[in-house]
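Going line by line, the protein sequences match chains A and B.
So for the first sequence, my numbering puts the first residue at 1; every next one is plus one.
So for the second sequence, my numbering puts the first residue at 1; every next one is plus one.
These aren't lab readings, by the way, just hints derived from the structure by calculation.
One or more hints might be untrue.
[What the hints assert, rightly or not] Chain B is nowhere near these chain A residues, computed Cβ spacing over 10 Å in every case:
hint, residue
1, E15
2, A21
3, Q35
4, G400
5, L403
6, V435
7, D441
8, N524
9, H527
[Said to hold, decoys possible] Partner residues are not named here, just some residues of chain A that face chain B (Cβ under 7 Å, in silico):
hint, residue
10, R85
11, S281
12, A312
13, D328
14, V354
15, R399
16, K433
Backbone N, C-alpha and C define an ideal beta-carbon position, used for all residues, glycine too.
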Amino acid sequence: MLGLMLKETARLLSEGKVSAAELCAACVARARQVQQLNVFITETYDTAQKQAAESAQRHREGRRLHVLDGIPVTIKDAFSTAGVRTTCASRILRDYIPPYSATMVQRLVDRGAVSLGKTNMDEFAMGCGSVDSLFGPVRNPWRYNFTTTTTTTTNKHTRAIRDSSQDSKGKNMQMRTMHHHHVTSTEDSDWFITGGSSGGSAVAVATGICKAALGSDTGGSVRNPASYCGVVGLKPTYGLLSRHGLIPLVNSLDVPGIFTRCVDDAAIVLGALAGHDPWDSTTVPDAFHPFSLPEDIDVTHLHVGIPKEYHAPHLSEETLHTWREVADMFEDAGAKVSQVSLPHTPYSIVCYSVLCAAEVASNMARYDGLEFGHRGSDESSTEALYAQTRHEGFNDVVRGRILAGNYFLLKRHYDHYFIQAQRIRRLIADDFKTVFDSGVDILLTPTTLSPAWPYSWFVKADNRTRTEQEDVFTQPVNLAGIPAVNVPVALSEAGLPIGLQLIGPSFQERTLLAAAKWVEQQVNFPHLQLPEP
Amino acid sequence: MNHLKQLYKAPVVGRNVLVAIARSLSSKVPPEPTWQEIDESKLPEPTKIDQDTIDHLERLALVDFANKEGIERLEAAIRFADQMFLVDTSGVKPMDSVLEDRELYLRDDRVTEGNCKEEILKNAGKVEEDYFVAPQGNIPLPKKEEYKR
């Protein structure tokens, strides 16, 4: 049940072969089994079980709401959820309880999806490792040595887990309070990072805790962890999915993203979420038509572009090899494959860093401690209170970006840095437009420079440096506002997932996902297998 | 071309190997990186931030981060951003939003929700008689003496 795709699970639910309550219980058990990975900031198992019971009732009465009715999902803790703590992994929002739900969350709830909890992430979505969180880093399940038990997670051999909480005949779960022990110690650091910033959501899908998860993608925060965790990570076109209730990082780049185990599932979730929202004026008013993908995909009419600048410095041998293999697969199947050029690619990350810092400086101004969130104790003056509140509430990464953003926005630098970055943004967007206008249907590139890094290596440099290095393939897509998806393709020699990115023109998610599904069918990626909880 | 010469002289080479080699020679994926990281010498002098700017930024940002590490990180971020000046952007218009060619959606000017005082005040740390409470304004931030350049 836990290894099944969303589509298959929905079928079993509608045929009455599995009940939503059973499914929810199994997912909660899996979540507890892999608790060391630190997936959740806030668990909502009790409400989930209640929602699942209601879904089971609806199914029994033949009143299923939607294909997502009863399907377990998880939500990145950057999306507001009414009545449920929403923190963005930051001290400044540690006890914040939103009075409303984000549109993306509401659409899932309205269709009967069952939410298991709010997932862990980099603080305020700043980072590409999911290691900078108030609640401790998220750990990659691949190659992970689960220590409470006698189990190792491999793809071939599994042994039964003996968890002491289940010694009295299986079903007896330990009572857990909402604020369970978060895995903050990093002494045993021979595990791999999940990528970020939506690491928790990626792991939740990879380990079978849920069938789909919400993330957000500003510079690669969905595609990066999808690549490291071996799952499908879709960043739709800017303007397709509503950002109402998504705590903003960079308003002109943020997009809600979708994690699933396979491409068909991503199409299903996209169908439920996409479309105009009057609450978000940056969503386009065009009608969105949900689609499903055919089983037989003909790539002979597809023109695939290989942007040469995406062979960037430090691209790992194995990722390069995988990229080449899939490019050749397309060609062997009759697709037209050509090398193309996106000449401003090397400057994209620089442009992104300036725009990001500038918009962050603006967006973070709302955290002053007066209306919500953490409040300092220095009442000597407004500014002293603000400075103390923000110093205590934000981590170094966030404060560093705010400072940089304010520097770039100083009157004397405004044109020099900020406007220059906006000009380069147009050049990047135009690069893509030129290539797509010339007849290319989709682009095939690596998603990340390499498979996941060990935590101990990753933290040797600061967050800013890592983002500068690792976001190279993902953030140009955000600057242009076009859709892209990570497809897990193969495992490295070390047993870690390697993913590839497909990029399409605006609002062409159907073509993009069809190509992605084709790749998925050819490569038969060995998904993570864990023993039954 | 060197590869082919060597191949000719090599002992019997399996078909798989030949196919692999032929494929890597014809693959559309470039075999080597097509660019290098920016040469620092092409950039202008690295910016060193003076005390006045630090104080000014502190007042604007209000994050209390002007310690040695914070300033170093800021200078590194600026250095990185300096790479932008290697790009010729003459005649290029700045881009605010990818939706610039579309008309912004405007809804009817009708009140559709409100009356949610409880919810709005609920998350505030200090509330007095339905007001948010702030300390006195218009008092400049005291200058920090700890960090001097």
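Handout entry: Hints the structure fails to honour
Key = Hint check: 4, 5, 10 and 16 fail, others pass.
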